[in-house]
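Going line by line, the protein sequences match chains A and B.
Mapping the first sequence onto numbering that gives the first Met the number 0, position 33 (from 1) lands on 32, and the numbers just tick up by one.
Mapping the second sequence onto numbering that gives the first Met the number 0, position 489 (from 1) lands on 488, and the numbers just tick up by one.
There may be inaccurate statements among the hints.
In silico SDA-like cross-links for lysine to any residue, where the CA-CA straight-line distance does not exceed 20 Å [said to hold, decoys possible]:
no.: 1; chain 1: A; residue 1: K41; chain 2: B; residue 2: P266
no.: 2; chain 1: A; residue 1: K20; chain 2: B; residue 2: R209
no.: 3; chain 1: A; residue 1: K41; chain 2: B; residue 2: I446
no.: 4; chain 1: A; residue 1: K20; chain 2: B; residue 2: D224
no.: 5; chain 1: B; residue 1: K448; chain 2: A; residue 2: G18
no.: 6; chain 1: B; residue 1: K35; chain 2: B; residue 2: K45
Okay, the calculated bits of chain B under chain A, using three or more residues with CB under 8 Å as the criterion [what the hints assert, rightly or not]:
no.: 7; region: 221–228
no.: 8; region: 347–361
It should be emphasised that the hints constitute simulated quantities derived from the structure, not laboratory data.
Every residue gets a Cβ at the ideal spot worked out from N, C-alpha and C, and that includes glycine.
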Amino acid sequence: MRLDQAKEGSKIRIVSLRGGKGLRMRLTKLGIHLGESGIVEKNSFGPILLSINGNSIALGRGVAAKIEVMIE
Amino acid sequence: MIIALAGQPNSGKSTIFNQVAGYKTVTSNFPGKTVKYTKSKVKMGKEFEVVDLPGTYSLTSSDLAELEARNYILKKEADVVINVIDASILSRSLEFTIQLCELEVPMVICLNMIDEAEKKGISIDTKKLEEVFGVPVVTTIANKGTGVRELFSVALEWKKKPKIPKYSRDIEKVIETLIPKIKEEPKRLSAIKILEDDEFFTSKVDIAYRRYQEIIEREHGRPCDLVISSERHALSMNIFEEIAKIETPKKSFFDLDKVLMGKMGYPLLAIILYCMFYLVFKVGGIFEGPLLDYFDNLASKIVMENTFLQNITVGIIQGFAGGVGIVLPYLFPLLLGLAFLEDTGYLPRVAFLMDSLFHKIGLHGKALIPFMLGYGCTVPAIMGTRILESERDRYIAGFLSVFVPCSARTAVIFGLAAFYLGPLTAFLLYMTNIIFLGILGFVLSKIYKEESPGLILEIPSLKIPSLKSILLKTWLRIREFIIIAWPILILGSVTLSLLEHYGYAETINNLLSPITILLGLPIAVGTTLIFGILRKELSMLMLMQALGSLEVLSKAQMLTFTVFIMYYIPCLATIAAMISEFRVKRTLLITCTTLVVALILGIFARIIGGIAW
Numbered sequence: 000m001r002l003d004q005a006k007e008g009s010k011i012r013i014v015s016l017r018g019g020k021g022l023r024m025r026l027t028k029l030g031i032h033l034g035e036s037g038i039v040e041k042n043s044f045g046p047i048l049l050s051i052n053g054n055s056i057a058l059g060r061g062v063a064a065k066i067e068v069m070i071e
Numbered sequence: 000m001i002i003a004l005a006g007q008p009n010s011g012k013s014t015i016f017n018q019v020a021g022y023k024t025v026t027s028n029f030p031g032k033t034v035k036y037t038k039s040k041v042k043m044g045k046e047f048e049v050v051d052l053p054g055t056y057s058l059t060s061s062d063l064a065e066l067e068a069r070n071y072i073l074k075k076e077a078d079v080v081i082n083v084i085d086a087s088i089l090s091r092s093l094e095f096t097i098q099l100c101e102l103e104v105p106m107v108i109c110l111n112m113i114d115e116a117e118k119k120g121i122s123i124d125t126k127k128l129e130e131v132f133g134v135p136v137v138t139t140i141a142n143k144g145t146g147v148r149e150l151f152s153v154a155l156e157w158k159k160k161p162k163i164p165k166y167s168r169d170i171e172k173v174i175e176t177l178i179p180k181i182k183e184e185p186k187r188l189s190a191i192k193i194l195e196d197d198e199f200f201t202s203k204v205d206i207a208y209r210r211y212q213e214i215i216e217r218e219h220g221r222p223c224d225l226v227i228s229s230e231r232h233a234l235s236m237n238i239f240e241e242i243a244k245i246e247t248p249k250k251s252f253f254d255l256d257k258v259l260m261g262k263m264g265y266p267l268l269a270i271i272l273y274c275m276f277y278l279v280f281k282v283g284g285i286f287e288g289p290l291l292d293y294f295d296n297l298a299s300k301i302v303m304e305n306t307f308l309q310n311i312t313v314g315i316i317q318g319f320a321g322g323v324g325i326v327l328p329y330l331f332p333l334l335l336g337l338a339f340l341e342d343t344g345y346l347p348r349v350a351f352l353m354d355s356l357f358h359k360i361g362l363h364g365k366a367l368i369p370f371m372l373g374y375g376c377t378v379p380a381i382m383g384t385r386i387l388e389s390e391r392d393r394y395i396a397g398f399l400s401v402f403v404p405c406s407a408r409t410a411v412i413f414g415l416a417a418f419y420l421g422p423l424t425a426f427l428l429y430m431t432n433i434i435f436l437g438i439l440g441f442v443l444s445k446i447y448k449e450e451s452p453g454l455i456l457e458i459p460s461l462k463i464p465s466l467k468s469i470l471l472k473t474w475l476r477i478r479e480f481i482i483i484a485w486p487i488l489i490l491g492s493v494t495l496s497l498l499e500h501y502g503y504a505e506t507i508n509n510l511l512s513p514i515t516i517l518l519g520l521p522i523a524v525g526t527t528l529i530f531g532i533l534r535k536e537l538s539m540l541m542l543m544q545a546l547g548s549l550e551v552l553s554k555a556q557m558l559t560f561t562v563f564i565m566y567y568i569p570c571l572a573t574i575a576a577m578i579s580e581f582r583v584k585r586t587l588l589i590t591c592t593t594l595v596v597a598l599i600l601g602i603f604a605r606i607i608g609g610i611a612w
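Chain B with its partners taken away, still in its complex shape (with noise of 0.2 Å):
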């Protein structure tokens, strides 16, 4: 038995999968789509299977998400649908119902948020709706978990198709005379459809339907897919009228959104977002430290000689620490810090207030998000690059905070800039850094031209989240890393300590020599570029180990090599992540502007060095 959640964004929807799944729940794309969904086991007095459809307005096939989930739908795949609705926006929300019950599936609806309804003075008659719809209604508070649990164990009995609410009289008969010319069920889906002109229903038929429309716009005088989409907003209105009743809202005498979204707003902002990552910082240094010393005295009690397999067990020993000592401390913080402010609502709010700025990089307001995560670590920047609509923008985005110095990168800037050439050359480094990434949005925005309309988002209504629902997005980030990124990180370790075994450490640096001479480094530096790859701040280690000492170098090549860490090759795991999040092509292409960005800027870096010492 299969139980299928559809919704609007923000109804709640997530709430609802996260407070019955499990661990064990997986995230899957729609054969070939990059559209995800995902999926959970769920035992209640009998198993079944719980299906999370991705969060859509309305069931069109102009947009990827809401195609898939209307053919996910049709194809029957589920035994029964839950229309999740946020109760505080029913009137909006009933468009997509309607649309649902054109679906002619099984379907029960979930009126969520309940609570939030009541607050804003709109009480429900639910034994009306379930009159209008003839499916079963239950309420909800999901982040609290009330009625949950008999949502499920209603949905689990229910086998009806609900009834479909009609139309004006006028288009209901063009619909009737529709009806008969369509072969595929459901045929009055199809008969909508074609009258609004959508491309996917009007291909499949061999019907003149052009004329049928024309008899719609000759009455209505205007394009039938706006008569209709009135109509069905109207449809939805009068329902909406006759099963609930609005009385003025209890006034809170504190408007926090007036304090979040206006002037306040931004130094709130800078505050939340110091806060988040001085936490982020503080719980993954605690850990780090520790846990790498752990793993070097580990590494160093087995290497006695230089034995072939000691040296693979020395390679995944490394490769192991770096998961677990540098990107699990600030990973885990940080994508619970993410989930928090995704589940609160404040995610959005920032995007309202930083909208005029990114419009400059041809972004919109939520690329703030993954910037500010790439200064922790690229990986969670990657996947963060999810909370933009348009794969355009998740790719800018992506492709920007790959040239966010990650904490890693960190590293190296303190360790070398910062501590051989003073304080003021790291935080420059920085400043060139913001000023770079204006540059190239600037510029990728203007390859990637897309229509783009501008900011059109809903503020949804601040909320408490639940604990279990964080959790539970925590750990399924948490488990991508842990699969996808993790496995590379260990097998490059290896690779590398098996090219130390058999000494092909020289053939490297003869290999990098065309960059390391136009850089104006010393060639032995080769090899640390490439474990820089595996690990960023290993190739300052690795450094230090190549040449003996780091005062070995002029201070213009130290500016060189932290410039060229700065920019080139993002690490192993980031890689991992992109080609998950932008497939192959697009990583590589990623990959090869760093490199030209990081010679680039490395050989400015090395005219300027020498000038300035």
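Just chain A, same shape as in the assembly (with noise of 0.2 Å):
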């Protein structure tokens, strides 16, 4: 599933990473790397907030939308 389809406070591993190679590394420099998994902290309007090793990052649902993941 995507990760703007994740429901709030789920646990995710991340999948895959779609979308070109800029896209790619700007993910990957905050940390949000395959097979990484994390908690979706927020997911109810706006951008999403992810949090990986201890990291919070927020994700515009455009972004979310590239991100492959799969409930924890």
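Two chains, two frames, a set of hints: combine them into the complex.
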């Protein structure tokens, strides 16, 4: 499923990053790597808040739609 | 001796810098680039220089700040590099540390915010970390000043390069075969960057490098750059597991972020902003009136006859008064408040809240900050655009904030429109302004189309800022105004005094008559428009002088005049700030746009006024 469809509070693992090399680089720089697991802190309106390894990252809905995740 | 601070954004690099830096700190650009860094001389036993490099997440060539930071370190301009790490997000930060090691320069590691890490239940074995990288590790809590002196005394003595952590065997093998073919030092760095397909490095070598990338791609079944970045990630995770233990963090019973970033975040944001602006207007208002009275008195004492020298003196005094009396009283509390909000980490949370709304005008949430500042004074608004990451976003936000009515224009709106035409008119002027900003933002985002993949923003933990850091930040920004904008203000003021002295007012009125006639205003209004460029509220005072009384104007003319003043050419201080932020060409474009917009809306106002009254 896409990250923007994941429920608030759910624990997820990142399966794939769609989009070009540029987007991939911006995400991995902030610690959003393949296989990494995290918690969807917020997903109601506006951007999504994802917490990975103790680090909170706000992702616009368009960006989140390009991240494929699975629920753990 | 030069010590450079390198690290990821929000690692507390600048806080460490501000703890030791003095008021003589200078901000400069990398030669020919828009990327800025700060440096300061420090005396701590012996004298040395500290350079605060731009905060970057990695050291690739695709990001200008990253490229400049990397080149600065590679040129060996600094004798030692301090890698500042936010200890509470150690595992991610180590990816940057590994890249720094690859630059092969003497390095010291600073584990900052060690208290935050403890709160998150992370305990770090610093001895082991020292062994892994072969460099000293110093723990600090920068906003409290803890450990900062020790950090620098260790860095001053350290001269050895770090150990470079190794990737998995198959990748190291490719790196080893590639190294003998490279001439430029450091060879290992070039080899890794070539495998990452970094154009900056691949363009410099004369090797059929694709072959080497393919070896790795065949083995891993993924693009080579992705393999290397995953390797680096895996390596840092391994190091992290080796040196750190995570226990379940102490759950605090009250999570401030749940409130700040939840639904309650919006009313809270409104309250925080209201308090800030109330404070700014209050503090500014206390000083503005008395200060201006004082200078006006001074000026009126001097002019007894209309001599050349006296006119120049009056010009200087008025220009000086504009800075002391109007800009500084508002600028100081505004910048202080902004620095406070910045250092607490509240701004990224505002960006989070406002993101959806700002996407509609092609920007993202952070752009709210310069807009809000614009209601006080356009100069800090222009400077405030710096908090946006991309140059395009900074430019659009700056472009828009020029049209936000500043406190000086507010004086005209209240003094003329609200007083003679009623408060409803003033309210409507503000509302149409907001609608106009929305439309302009929409148009600009269509013109400057840049692939904006959306918000990707780290939300750092909330911090209690250090007073010294806030004060130094405010001082650096105020000093920029004093050095750049103020002299222009004084110079402009002197020029206008001279125009008056030689009786050129009539010539100017005639020159500007196409505009005044088009707007249906009396020709004598011409000079007041020029005065308005100097200081917006001056235009109203001059209007009174030029016409004898404001009641000479019809209601429609008052409306037209107010609208024109609201939108036309920004004041000189703003133009100076724009030149320093956006360069001359873009400043000219913005200035011309304001004139066109002011003319069109002015004519509209004339028509509407003609129908209404």
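Legend entry - 20 Å limit on alpha-carbon distance, applied to hinted pair K41 of chain A and P266 of chain B: OK: K41 of chain A and P266 of chain B at ~18 Å, within 20 Å.
Legend entry - K35 of chain B paired with K45 of chain B [C-alpha distance capped at 20 Å]: 27 Å, violated
Legend entry - chain A covers the region 221–228 of chain B, three or more CB atoms within 8 Å, holds or violated: That given contact holds, which follows from 4 residues of the region 221–228 of chain B lying within Cβ reach (below 8 Å) of chain A.
Legend entry - Agreement of K448 of chain B and G18 of chain A with the hint, judged by alpha carbon distance not exceeding 20 Å: 18 Å, holds
Legend entry - Verdict on chain A covering the region 347–361 of chain B, criterion of 3 CB contacts below 8 Å: That given contact holds, which follows from 7 residues of the region 347–361 of chain B lying within Cβ reach (below 8 Å) of chain A.
Legend entry - Pair hint outcome, K41 of chain A versus I446 of chain B [Cα-Cα no greater than 20 Å]: 33 Å, violated
Legend entry - Satisfaction of hint between D224 of chain B and K20 of chain A, Cα-Cα up to 20 Å: 9 Å, holds
Inset, instruction - Would you check the hint for K20 of chain A and R209 of chain B, treating anything up to 20 Å between C-alpha atoms as holding? - result: With Cα atoms ~17 Å apart, K20 of chain A and R209 of chain B stay inside 20 Å; holds.
When the structure is compared with the earlier hints, violations turn up for hints 3 and 6 and for no others.
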